[in-house]
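Undergrad: Read off the chains here:
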Amino acid sequence: MATRPSLTARLSLHQRAGGLVVPLLTTLLAFVVAGIVVLVTTGKNPLPIFRGIFDGTGLLWLVHWAVDIRTIAGTHDLYATEADAVAVAAINLQQTLILTTTLILTGLAVAFAFRCGLFNIGGQGQYLVGVIAAVVIGTNFAGMPRLVHVPLALACAGLAGAAWAGIAGFMRATVGSHEVITTIMLNWIAFWAGSYLFSIGGPLQSETQKSVPISDDVVESAKLHVLWGGVQGLHVGFLIAIAALVVFWAILNRTTLGFGIRAVGLNPEAARYAGISVTRSYFLAMAIAGSFAGLAGGVDLLGWQFRFGQIDIQGSDVGFVGIAVALLGRNRALGIFLSALLFAALLTGTSARNLDAEVFDPELAGNLTLIIQGLIVLFVGADLLILSAWRARRRLPRPWRRREAA
Amino acid sequence: MSAQAEVALANGRITFRPARVAGVVSIALGVLAFWVALPPRTTRSELVPVVLGLLGIAAGLFSWRKGETRLGWTAAMIALLGMLGGVLAAQAAVENLKVVITWSAVLAATLRFATPLIFASIGGLFSERSGVVNIGLEGMMLMGAFFAVLGGDKTDSWVLGLLIGMASGAALALVHAFFSIQLRSDQIVSGTAINFLALGITGYLYIDTYGQEGTGDLPEVPNVNLDWLSRIPPEGLGSFLEKSIGHLNLMVWLAFLTVVLAWVVMFRTTIGLRIRSVGEHPRAADTVGISVYATRYAAVTLSGALAALGGVYLSLGFVHSFTENMTAGRGFIALAALIFGKWRPFGALGAAMLFGFASAIAPRLQNVESWATYGTLFQALPYLLTLIAVAGVIGRSIPPAAIGRPYIKQ
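If you read the protein sequences in the order shown, they are chains X and L. Heads up, the first sequence is in my numbering, so the first residue is 5 and it goes up one at a time. Heads up, the second sequence is in my numbering, so the first residue is 3 and it goes up one at a time.
Since the hints were derived computationally from the structure, they do not count as laboratory data. Treat the hints loosely; a few may be bogus.
As the list claims (entries may be wrong) - Below, simulated DSBU-like cross-link-like pairs (lysine-lysine); rule was C-alpha separation at most 30 Å, straight line:
(1) L:Lys245 <-> L:Lys100
(2) L:Lys68 <-> L:Lys245
(3) X:Lys48 <-> L:Lys156
(4) X:Lys214 <-> L:Lys100
(5) L:Lys344 <-> L:Lys411
All figures in this text were calculated on a predicted structure; none of them were measured in a lab.
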């Protein structure tokens, strides 16, 4: 009787078989389908629309040293001077990278648990409790030195996320409740608890704006240092996310704990037989995963949002996008960086602020992004489909060659 | 049903089992402990709910000790909650309680909020009992909500709108089925993708079709007016019935019918036996000639159609319009109801009613100024209860054995 290979086992199959090719094919396929959707529904050529979205990401800024970016983007009538175009691209790129920061961390939260064979759908809830912890620390302790205040707030955000995910990890380890169910429940508990905390008359609601369900602003000493740009420019959180990628890699590949987590992920029975504590691995994997998502919440709040309200809770979905990031990134550090950049660029490029409404209605584009996300997750999950398509492509030329030989 | 009870039934006698009776009495005492402190009775002494609650807990524990493990525990917990609720309510101001609790209105609202949950959780029941996890219920509901509006608008008929909505949910479920059964994707991953897709597809088509104008005039699913209920004696009861269930939407009644049908199909027909066997032990089912793939395909597709009905009710039956992401997590509460109800039709119904009650009370709490913030917190209750349920405090929820595992035919 064939036993079902674990999820991670099948993902490692991907790596051997596909490497970079499968994610790239997946993404390409998703964009092609999205292009067809645009063509069928609006009758517009999708290529200029994708180019318009790309222009909005600010990624062209990276080549502004070499060429006049108005030439590539075709925006000579939009910007009088090259300097104007570069300045706008710089702001757009800052936004893309700020979102990349968040998505790297929420992607890590999903990926770390994945490597232990756990599916952490709770990134959103862990992110929210991280935000809440950062609000509590960030709006108090005015006058504390920044070098103490910022690390304290970020540490509390990470710990809050770890505790929230730890509940699911603990329940999985002790009574065996499935982490998918518990993390979904924890997401919604965080959602409503957060809505309560920021509601009018709620414990964390603003002292100054009594009629708005929103928190106070964080104090100056708790705001993250801005690396590039103005008030909501690229903050130091970007470096923290990069560091988190390294930490993620190091824990998994260079520590005994990480070895145990990977072993449990590949085969819990074998790991147990080898003397690795499966329950401990489950709990710690979830807690560490949660700390990444909690940190994402802290970095977002202290880096550019500075206050949080009911509307922000309802509009936030970075925890869910993190699932797509981790899946497309194959749960590897480098892959997560690249897929976080892709999704951040896509989301920034289709935002109402960055997408030229003449090119495409941003509201439609925002939903198109959701469709692309959905397709990518769908295709990534279908190893058989993508792999067989890839094999079929490689198999095709062979009969031709044989026929030529004959 | 236990062997003993079946013998009793066969003999045409009803045997008296103290443990079971004690369990039922315990639940009744727990409910009573809460009820006495609420309108119209509003007993102001905390002593009454405490005494009733303690008696209830004692009865529950007695039932537990005498062998009714699950019933006893559940009853004792209900009695404890009833006692706590009663004590809290006894301390609250009477006029505030009267604002929040108008029983006929609360019952009507509970039924309205429970209906979409009932449809979706019965949908989830079919999928999960066949061994396919369905966290895409939310997306399937959303499809139903939008396409019912689109279909109803274009055809100017609520019946066709309802059918088109169901078909759209079934179509999305078919995608889930294809990926998770045929391609053996991870079912959670596929379900996540389904939710993203539904959000994108409905949002895109909504903006593309209706733009900023909104959906305008739509055909509505009619209400069922039962005015004769008010003539039922005694007078208080008649008007209570008429106010609470006299003017409900047709789909509310349809939801209850669905539960009964689901129970009959699942536990009294061969089809149901096949679905369950495929979900518990697909290899064994395959060996006796049941097609695992066909059964799972059918179950998942049906699940999408039923979940979509929940969405149809939201858009055509309840708010009479569509807004982006209008299901707002109801698919996940339905999933919670299914788990809380232990993957059983009437269990899911009970859970959906309980969660519907929480949703019905929450906005009413906001009518009292000093309680307004708690209304929001109250919405977390269904999820918290489910979390406790899966932890195994109140009788463990055990999923179908083969759930989440793709089947590879040999």
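Undergrad: It remains to establish, for every hint, whether it holds in the given structure.
TA: Verification of the supplied hints:
1. L:Lys245 <-> L:Lys100: holds (17 Å)
2. L:Lys68 <-> L:Lys245: Violated - the C-alpha atoms of Lys245 (chain L) and Lys68 (chain L) are around 42 Å apart, more than 30 Å.
3. X:Lys48 <-> L:Lys156: Given pair Lys48 (chain X), Lys156 (chain L) holds - Cα atoms ~24 Å apart, limit 30 Å.
4. X:Lys214 <-> L:Lys100: It holds: about 28 Å lies between the C-alpha atoms, which stays within 30 Å.
5. L:Lys344 <-> L:Lys411: The hint holds at about 29 Å.
Comparing the model with each earlier hint shows a violation of hint 2 alone; every other hint is respected.
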